[in-house]
Amino acid sequence: MSTQAIPLATAHLKGPHVDFAGLSPLIALLGGAVLVLLLGLLGARWIRSQAVPTLSLLALATALGLTIWQWNADKSIVSGALRIDGLALVLNVVLIAGGACTVLLAWRSLAAREAAHGEFHALLLTSIAGMSLLAAAQNTVALFVGLELLSIPLYVLCATKLRSELSLESGLKYLIVGSVGSATLLYGLAMIYGATGATDFASIAASLSSGSLASDPLTLTGIALCVAGLCFKASVAPFHQWTPDVYEGAPTPVTAFMAVATKVAALGVFLRLFDVALISAHASWGPAVAVLATITILVGNVGALGQSSLKRMLAYSSVAQAGYMLAGVVVATQLGVQATVFYLAVYVAMNMASFAVIVARERETGLGDSIQAVAGLGRDRPLLAWPMTISMLALAGIPATAGFIGKFYLIDAAVQGGYTWLGVVIVVGSMISLGYYLPVVAAMWMRESPAGEAQTGVQSLPIGAPSPEAGGLPALAGGSPELDAASEGDATTDALGLSAPGPQPEVVLVAMLAGAATIFFGVIPQPLFNLVHGAGSALGLF
Amino acid sequence: MATTTYGWLVLLFPLLGTLAVGLGYRPLGGRASNRAAGWIGTAAIFLAFLAALGALISLQGHPPEHRQLVSSLWNYAATVGLDAQMSILVDPLSVFMILVVTGVSTLIHLYSISYMEGDRGFARYFSYLNFFVFSMLLLVLAGNFLLLIVGWAFVGAASYLLISFWYRRTTATRAGIKAFVINVVGDVGLVLGTYFIFKHTGTLDFLKSFHAAGAGAFGHGGENGDLVAGCVLLLVAAFAKSAQIPLHTWLPDAMEGPTPVSALIHAATMVTAGVYLIARMHPLFELVPSAQDVGAIVGAGTLLIAGTIGLAQTDIKRVIAYSTMSQIGYMIMGVSVGAYAAGLFHLMTHAFFKALLFMAAGSIIGAMAGEQSLDRMGGFRKAMPFTYGCFVIGGLALSGVPPFSGFFSKDDILLVTAERGGWHWALYVMGYVGALLTAVYTFRMIFRAFHGEPVAEARELEAGHPHHAEVGRNPATGEEEDSDVGFPGPIHAIAERALPMRVAMGVLALGAVGAGLVQIPKVDFVIDDFLRPSFAGSKLYEPHTRNGLLVFGLALGTLLALIGIALAHRVWVARPGTATAIRTRTRAGRALHELFVNKWYFDELIELLVVRPGVAAGGFARDTFERLFVEETLIGGPTGLVRAGSAAVRAAQSGFVRYYAALLVLGVTGVGFYFLLQS
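Which chain is which? The protein sequence lines are A and B, in order. Counting from 1, position 353 in the first sequence corresponds to residue 353 in my numbering; the numbering is continuous, with no gaps. Going from the second sequence to my numbering is simple: count from 1 and add 542.
Please note that the accuracy of each hint is not assured.
To be verified - Have a look at the derived ranges for each label pair, beta carbon to beta carbon:
hint : chain 1 : residue 1 : chain 2 : residue 2 : range
1    : B       : Arg1200   : A       : Val145    : 25 to 33 Å
2    : A       : Ile176    : B       : Leu615    : 47 to 55 Å
3    : A       : Leu166    : B       : Arg1200   : 15 to 23 Å
4    : B       : Thr1122   : A       : Met446    : 50 to 58 Å
5    : A       : Ala190    : B       : Thr1211   : 17 to 25 Å
6    : B       : Arg1200   : A       : Leu168    : 12 to 20 Å
7    : B       : Ala1186   : A       : Ser79     : 52 to 60 Å
Stated by the list, open to error - Far from chain A, some chain B residues (derived; all Cβ distances over 12 Å):
hint : residue
8    : Leu598
9    : Val723
10   : Thr745
11   : Ala759
12   : Gly764
13   : Asp835
14   : Gly931
15   : Pro944
16   : His1010
17   : Arg1039
18   : Leu1098
19   : Pro1155
20   : Ala1163
21   : Glu1168
Because the hints were derived from the structure by calculation, they are not lab data. What you are looking at is a predicted structure, and each value in this text was computed from that prediction instead of being measured. Every residue, glycine too, gets a C-beta built ideally from N, C-alpha and C.
All chains should be built: construct the whole structure from the sequences, respecting the hints.
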């Protein structure tokens, strides 16, 4: 490898040709970020609290439109640094959807207010731009730039709830651990560059496929460090420790964003780097990543058991879900890529539904993200209870939800790729996961709401009607909805006597849309299959 | 509009109805006197009926050889070897079924608006009722086995909800559970049967399966063992849904539901599903005559046994329930011997007169304020002339007196049965014995309820005051009940005072009188001709009527019906007390009465053969296998492991970055080592 010429020495500087059409979604996002930041400087309160999020949504919509405009593109831009293909475009759409949900969830959040709305949303848009960049990265430099562009705004976003120690701690922890992860990855990329003499994915693949470079210690060390570095970002065990702490401490809309969008970007880059650039070394990294996936699935699912904080529970659950998705990466087949991308899209919908409900209940009950906050939701707020139920069942992989189809697809990919045991691990993991998803559903439908418990003592029931204490069944179990009609009109007051917040139509909308999408793609998966198919065939190196 | 679009609309309206009423129960039915839920439910089914008419007209516009139309909305799963589609099959058979189902169901909904008035569960009731009809329509419109199974299971679930509608009555909830459990036995049969068929044909689609079977997927000549197993399992499904021996015990108990529900279960939906299933699967059944024989014999046995039980029951609804079993026996026998058109014709006429009988029974139960025993009834003829008229019309149609509708359809089945020759003559004889029994028990019911000395309730009604019970009672056990939700409401409706009930019964009475005229032997062949495209490949479909036998059968049927009525008249009107005399004085009479009253001891038999061994085995397994092996080893071990793991993970999650850093170093080192070992 030392015999290879160093390209930099002979290169003369020349500005790359820039394909602005291909870059346009990215430009829209970054331009939007600048505008949002400027707009946020204006004094009027309504501008900050209403116009800024609206503008952010507009920026996201523009980016979405431009992405769709580029739909059938398959080209390398910026002298091969980025690749606009099916995978990049599909992931862009998923990211933008996740970003839009986050903007809606953050609309009335304390965090956005404290961070002066402009900054919050500008950071958010920048982070999405970084993810978009990452999904399209075609060389290691672009990969690293994208990764940092995504991470640094996130560190700050985690700490935007300035007056909350937890939030600050979460930001700091994320910064420290994330920096270590970035450094590890950078070191790994440098070693791969050293071994192959290339930063470009295609060139790396080409040099690895010829000769014995794929089993060279330098290459392998590089790959090992890359695996570890990316595992930080995707919160794969044993590099997941930051996840529960950070998720719990960060403002909930930011947590939602981190849970879904970061995962999309990280898995996207996993696919690009490992299934394209390092495909020749598949024999070495395949089993390693498979073992990591197994550990992740087990640790995530086992850790989520017994958590009383919903955000912590979802953090562990996201660890486990990352493990499932790694199965699609491990097999390094078209089917695997498709399954991973399919699951990513579904994953965004499932998580957004539950995070939206958590956001809504946090503001309504003052109980934070404790599981208590959703107790009795089925009776009080069916519009929130249904999305949450759907989301929990989908995350556990119950049929007729998109989560089932996604898992089925992943297991199919694992089995066909020769990793049958990994499929078994996914099933075992899903089985354990019921142990923490179902209690949430049970709390919503079968427990009294914290407000209702205070009331039942004085509530006079119709004569002869079964009282809740005497074993009256909840509506789902065949109890009497007519009884509800009788007690209709009882104002649901706040448990802690907090002033009830106004309606939050945008949060409910996010929850319902995400829940509906989860069911829709569970019953009619075909459109999503078609979408994902393009993403799979885009990685034409198999 | 395409013909299949009408099919989809038929499914859409009841689904929308059930959702609208179910989700909007507060505004639609939360208060008493708010009957919006009822009208919405009725309108939904009526719209479905109109769509079914549209499908009929549109289907007739196609040439006969192109009247089997499949429409698929989307693929649920289209992987290798599996074609699960959301598809419906619109052909003469399914159109015939949806017309009967939606038509009769509309009237039952209409009747229910009055009958369920004042019940606290009014909106819930209509939501369930619409769901029931939707499930049945899904069952008959399904274009493949998968959707058929879905519809089949939905019908079972809906019947559970409706039979246990008064959920605070323990008898009702128990009956609901019984119906559900026995229906699940049928579901299992259907799924396994489908598997045996799918294994050879490789497709779930009906038409493709039939085509594959015709092309030799099950071999040529001789009976294929798998197909016999598949068809017998399908028969198990049909027996469970259609209440054929020995899976019939849920049906009489299902009378615990509100009376219109009984009408719905018995007339238009559910119990006809088995008949439909056998007719739909005829290309498969015709390949395995032995399975057909099983169906024919069970059908014939059921029609006789149910008829004898009907003779001895005293609960008016149960008598009608056993008569349903018996009539479904005719249909199952008919479609199993190849009398497809005749069996379905009888299904249609039966839907009319049986719904009518149930509605009339509901009216008289209303007049008795919930009491159902024939022993307590009597002399309602003058007090309830309209109900009486309807009951008699229904009874005459059921007994097969010309020119009422049952006459034509029943004799049609028996005629085709006889034409098969050989041992089928035994079925022919059984059918006519059953006809005699039918006339006797039907008119026993009429004479006991409407003739004789008027009881106190009848006198009150004649004086213009409908009887009102001080406290509601469970007619089965006599326990006191309130009229809150979960029990019947305080208002009891009778047809004489409720226009919707009168309209529904009037229309059905017209059907019971006239529906038989659409297919008069030797005169017109409307049903035969209409259904022919669905049975195009059948060897048994074309009737080759023997004139002599036809005339003989018609005359014999008339004669037996009249003899039965005369017999009933003599025993219960002309010489009251004869029945008691027969029952007490002779030893044979006593024994037979015991046998019939105890329903041939089927419940006890099932208890002895299935339930008790099941309970014993279950108890044994619980005490030994489960406690020692499952709970301690299988569950205890892994749960302990998972719990320990959970604790370990949480312990590692200390919150200190320095520990994380340590683990991180460990992780990177581990991964690094692994890769270095690779080189």
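Violated constraints from the hint list, given by number and in increasing order
Checked against the structure, no hint fails, so every one of them is satisfied.
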